[in-house]
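Undergrad: Please arrange chain B on chain A, whose structure you already have, making use of the hints.
Sequences listed follow chains A and B, in order.
Residue numbers for the first sequence follow my numbering, so the first one is 32 and each next one is one higher.
Residue numbers for the second sequence follow my numbering, so the first one is 32 and each next one is one higher.
Among the clues, some could well be false.
[As the list claims (entries may be wrong)] Simulated crosslink set (BS3-like; lysine-lysine; CA at most 30 Å straight-line):
no., chain 1, residue 1, chain 2, residue 2
1, A, K269, B, K175
2, A, K268, B, K231
3, A, K268, B, K214
4, A, K191, A, K269
5, A, K214, B, K214
6, B, K90, A, K214
7, B, K234, A, K214
8, A, K214, B, K268
9, B, K90, A, K231
10, B, K214, A, K234
11, B, K156, B, K269
12, B, K269, A, K269
13, B, K269, A, K90
14, A, K269, B, K268
15, A, K231, B, K214
16, A, K214, B, K269
17, A, K268, B, K181
If you're looking for bench data, these hints aren't it; they were derived computationally from the structure.
Number of protein chains: 2
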Amino acid sequence: MNTECNPDRIGHYPFVAESFHLDFSGHLLLSVLGNHLLNCSNRHSSDRGFGISLLNEHKYTWVLSRLSIDLSEMPCQNEPFIIDTWVDSIYRLFTDRNYVIRSPQDKVLGYAKSVWAIIDLESRKPIDLLSIDGGRIVEHICKKECPINKPQRIRLSDKKEVVSEFTAAYTDIDMNGHFNSIKYIEHVMNTFSLDFYREKRLKHFEIAYVSECYFGDTIVISREQIDATTYFIEIAKKGEKVLCRCSLLFE
Amino acid sequence: MNTECNPDRIGHYPFVAESFHLDFSGHLLLSVLGNHLLNCSNRHSSDRGFGISLLNEHKYTWVLSRLSIDLSEMPCQNEPFIIDTWVDSIYRLFTDRNYVIRSPQDKVLGYAKSVWAIIDLESRKPIDLLSIDGGRIVEHICKKECPINKPQRIRLSDKKEVVSEFTAAYTDIDMNGHFNSIKYIEHVMNTFSLDFYREKRLKHFEIAYVSECYFGDTIVISREQIDATTYFIEIAKKGEKVLCRCSLLFE
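In isolation and in its complexed conformation, chain A is listed as follows (with noise of 0.2 Å):
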């Protein structure tokens, strides 16, 4: 298996950060560069024959079990950007992919990195994905730098506080009927103030997802302040089941 990393294993997107996609700072907002990193994944998947619309022909999906973000810098109103992905590895039953995210000029702004995994639409059992088209998918594995912090145990003691409490809407959900993996991001941000954020400036993110909810499900966001710069989160359907666990640490 050659691993080497060949220039066309690794898809380049450009963006830009348009003016009605950036906060209240004038920086992109983290659940539109969530989107792009999870939009640049599928178009990286789909140009090398293993994209979501294929999968669903199969009855198959990909899902999104992890998902770290590094940032030195977020891009600014009107500024350039390149997401450049690639697969780095693939377990059975899970695979990972980088990013980069950089300047024109080549300068990075951040890191990122996914786990999927592709699941039985009907079933919701996870497939081996060697099993897909004779393990092909090994091909695209590409052996490339991407120093990102490694993922955390996110644990939440009896000290977390709830911070809010709201109902799955329409636009939480996904083409898959389930509560969307970024709509988290952005409910998790909305848990800290402008005040915060304009003393804080979030460095890492990290999201654990752990189970499905669906629209009309009540959601519970605890949180809990582990030391001055690092918050640990949990969505939980509320009374039940946890949904996915964030780590935050602000510089």
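TA: Leaving out everything else, chain B in the frame of chain A:
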């Protein structure tokens, strides 16, 4: 003044209905389309020397006053589409910008119209458009067909009912520090259920912005069903002023 449609007065912006920009039915979210329309407006005006960044240098900014969207079809997963936009007319304090949303094969998917003012960032007062840069904005007017429904007078009676209440959060606020024009659309769309959207398709959406609100404000959405297919919606700062009014026509 030459208002013939010189082709370079029309901007053409290609998009794809990306997988992570879709609703549960696999169609592009109206809020995503709304953001695309506004971002095209800014790219078109920036390319012609009157974009937001340039106005900001003069302590002015563009403010969206109305937006109407007529949709015969909403793009589905991976479908490419093009937004054409141009300046339709200039009054003293307002300018109308039109849009066609079309397939690459020139099939019209929808039309849109927006009304904008330029305001002084400090006084919040509107600026005479013809006073800027010697009125050169009129050189960009283009007369091209855009057969969209005329704006309606949206007035709710005392039959209106409160359908949601929430607090303006971080991702609701735009880079001017106000509630984001498109985020209102998202909150409006969220007042209907998935079952409702399974049965009805949105044909016409219209929003008229009345006043501004800020982070932390409590916002109340009221709705009134006008006839079998028409809803009027009013968004207000709780116990205070109306912020915007919408009309939605389904089929």
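Undergrad: Hint by hint, which ones does the structure fall short of?
TA: 1, 6, 13 and 17
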